[in-house]
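Protein chains: 2
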Amino acid sequence: MNQVIKPVEAGHIYHLFNLGSVYLISAQSEDRQDVMPASWCCNLDLVPAKATAVIDKSHYTRKLVEESGYFALQLPTASIVNETLKLGSISKNDHPDKLRECGVSLFTMPGYEHIPLVRGCAAWAIYQVIPEPHNQQSYDLFIGQAVAAWADSRVFFNNRWDFTGHDELRTLHYVSGGQFFVTGNAVEAKGFS
Amino acid sequence: MNQVIKPVEAGHIYHLFNLGSVYLISAQSEDRQDVMPASWCCNLDLVPAKATAVIDKSHYTRKLVEESGYFALQLPTASIVNETLKLGSISKNDHPDKLRECGVSLFTMPGYEHIPLVRGCAAWAIYQVIPEPHNQQSYDLFIGQAVAAWADSRVFFNNRWDFTGHDELRTLHYVSGGQFFVTGNAVEAKGFS
Numbered sequence: 011m012n013q014v015i016k017p018v019e020a021g022h023i024y025h026l027f028n029l030g031s032v033y034l035i036s037a038q039s040e041d042r043q044d045v046m047p048a049s050w051c052c053n054l055d056l057v058p059a060k061a062t063a064v065i066d067k068s069h070y071t072r073k074l075v076e077e078s079g080y081f082a083l084q085l086p087t088a089s090i091v092n093e094t095l096k097l098g099s100i101s102k103n104d105h106p107d108k109l110r111e112c113g114v115s116l117f118t119m120p121g122y123e124h125i126p127l128v129r130g131c132a133a134w135a136i137y138q139v140i141p142e143p144h145n146q147q148s149y150d151l152f153i154g155q156a157v158a159a160w161a162d163s164r165v166f167f168n169n170r171w172d173f174t175g176h177d178e179l180r181t182l183h184y185v186s187g188g189q190f191f192v193t194g195n196a197v198e199a200k201g202f203s
Numbered sequence: 011m012n013q014v015i016k017p018v019e020a021g022h023i024y025h026l027f028n029l030g031s032v033y034l035i036s037a038q039s040e041d042r043q044d045v046m047p048a049s050w051c052c053n054l055d056l057v058p059a060k061a062t063a064v065i066d067k068s069h070y071t072r073k074l075v076e077e078s079g080y081f082a083l084q085l086p087t088a089s090i091v092n093e094t095l096k097l098g099s100i101s102k103n104d105h106p107d108k109l110r111e112c113g114v115s116l117f118t119m120p121g122y123e124h125i126p127l128v129r130g131c132a133a134w135a136i137y138q139v140i141p142e143p144h145n146q147q148s149y150d151l152f153i154g155q156a157v158a159a160w161a162d163s164r165v166f167f168n169n170r171w172d173f174t175g176h177d178e179l180r181t182l183h184y185v186s187g188g189q190f191f192v193t194g195n196a197v198e199a200k201g202f203s
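In order, the protein sequences belong to chains A and B.
Just so you know, we're using this note's numbering here: the first sequence kicks off at 11 and counts up by one.
Just so you know, we're using this note's numbering here: the second sequence kicks off at 11 and counts up by one.
The set of hints was computed from the structure by calculation and includes no laboratory data.
What you are looking at is a predicted structure, and each value in this text was computed from that prediction instead of being measured.
Hints are not guaranteed to be accurate.
Since the list gives no way to pick one copy over another, a pair counts as held whenever it fits inside one copy or between any two copies.
Pairs of lysine to aspartate or glutamate residues, derived as EDC-like cross-links and limited to a Cα-Cα distance of at most 20 angstroms, are as follows [to be verified]:
| hint | residue 1 | residue 2 |
| --- | --- | --- |
| 1 | 96 | 76 |
| 2 | 73 | 178 |
| 3 | 16 | 123 |
| 4 | 16 | 107 |
| 5 | 16 | 178 |
| 6 | 96 | 55 |
| 7 | 96 | 150 |
| 8 | 67 | 123 |
| 9 | 16 | 172 |
| 10 | 67 | 178 |
| 11 | 96 | 41 |
| 12 | 96 | 66 |
| 13 | 73 | 41 |
| 14 | 108 | 66 |
| 15 | 96 | 77 |
| 16 | 108 | 41 |
| 17 | 67 | 111 |
| 18 | 96 | 142 |
| 19 | 108 | 177 |
| 20 | 96 | 123 |
| 21 | 108 | 142 |
| 22 | 16 | 111 |
| 23 | 67 | 55 |
| 24 | 108 | 19 |
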């Protein structure tokens, strides 16, 4: 056994797999809106596009998702790293004016005025919840089917990401203690045809 | 509406959220072993650590997971980018000798000889499947609870990743067409305490 391979304690295993992008989850019910950062969101299917999102029962956003049956997933960029961190450090349960305190700027897209979206993200997708009560209760796991999506065409074009020349638009990968990775540089596999 | 924001077609929405790390999923049933790359794996819970993995019915690996009730998630590094790509380009359904053809080197950890692990990864975690037949059949979604995990202590220490000085150990983020991102550089949020 290679001497550099060390066991990881049970309580830290999740750190291994927190390499995905940070997401912002937003939702609205009647006139109440909230936005929360989340790392545990993931593609689930291609067409129609589906995604999973883990949303703990303690989050104000969860009530809005359950009431409205919709949520948006968004990719915050380096340009809003501070706002993103603050969104995760206070709760609307205690701070009714959370979104203003965090300095978040919201907008909506035509036809989808019931879902607030966050400026400074690189992509936005709106999902309708596919009700799965067992998953939601037992695992805090929500499944959504995409109804619309948009991306910043400066860094997403030809249906792929290219952040070259746009460091401020690089997506964020949270580590801990206020530290993030940005999405890195390209590496090509050889012999691919 | 900002002019740079463009709609993303339904068939390409999943590209937006493929920014997570590439995983290798391995499994074994009796003397049959397989390894497949996958992007759609995600943390699900902290302690005990749980994870989700989307494993399509077409994959040979899936049979082994269903038969054995175990799978491993691993993070391949830049040092095995070619092997990783090849693992995703041929199937053991058609290539019984797939693992040798792909140049993969396997090992096991003491006490866990029933799960093959791949050399050249930065982390390895073994999961026991929590049977959820509806999720598995309807969404190809498997839920596992971690039973053990290890990491390369050169890049994972104090329970966080730090790839500084180890470019060959950076984890991979697949784009398409043989192109990957490596996990990028750190950026600090200001005012975090």
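Each hint tested on the structure:
no. : hint        : result
1   : 96 <-> 76   : neither (24 angstroms within a copy, 42 angstroms between copies)
2   : 73 <-> 178  : neither (32 angstroms within a copy, 44 angstroms between copies)
3   : 16 <-> 123  : between (50 angstroms within a copy, 17 angstroms between copies)
4   : 16 <-> 107  : neither (45 angstroms within a copy, 30 angstroms between copies)
5   : 16 <-> 178  : between (36 angstroms within a copy, 19 angstroms between copies)
6   : 96 <-> 55   : neither (31 angstroms within a copy, 23 angstroms between copies)
7   : 96 <-> 150  : neither (23 angstroms within a copy, 35 angstroms between copies)
8   : 67 <-> 123  : neither (25 angstroms within a copy, 38 angstroms between copies)
9   : 16 <-> 172  : between (35 angstroms within a copy, 15 angstroms between copies)
10  : 67 <-> 178  : neither (33 angstroms within a copy, 40 angstroms between copies)
11  : 96 <-> 41   : neither (22 angstroms within a copy, 51 angstroms between copies)
12  : 96 <-> 66   : within (18 angstroms within a copy, 38 angstroms between copies)
13  : 73 <-> 41   : within (13 angstroms within a copy, 48 angstroms between copies)
14  : 108 <-> 66  : within (18 angstroms within a copy, 41 angstroms between copies)
15  : 96 <-> 77   : neither (25 angstroms within a copy, 45 angstroms between copies)
16  : 108 <-> 41  : within (14 angstroms within a copy, 56 angstroms between copies)
17  : 67 <-> 111  : neither (23 angstroms within a copy, 47 angstroms between copies)
18  : 96 <-> 142  : neither (31 angstroms within a copy, 36 angstroms between copies)
19  : 108 <-> 177 : neither (28 angstroms within a copy, 39 angstroms between copies)
20  : 96 <-> 123  : neither (25 angstroms within a copy, 45 angstroms between copies)
21  : 108 <-> 142 : neither (29 angstroms within a copy, 37 angstroms between copies)
22  : 16 <-> 111  : neither (42 angstroms within a copy, 29 angstroms between copies)
23  : 67 <-> 55   : between (25 angstroms within a copy, 13 angstroms between copies)
24  : 108 <-> 19  : neither (35 angstroms within a copy, 33 angstroms between copies)
Hint check: violations occur at hints 1, 2, 4, 6, 7, 8, 10, 11, 15, 17, 18, 19, 20, 21, 22 and 24; the rest are consistent with the structure.
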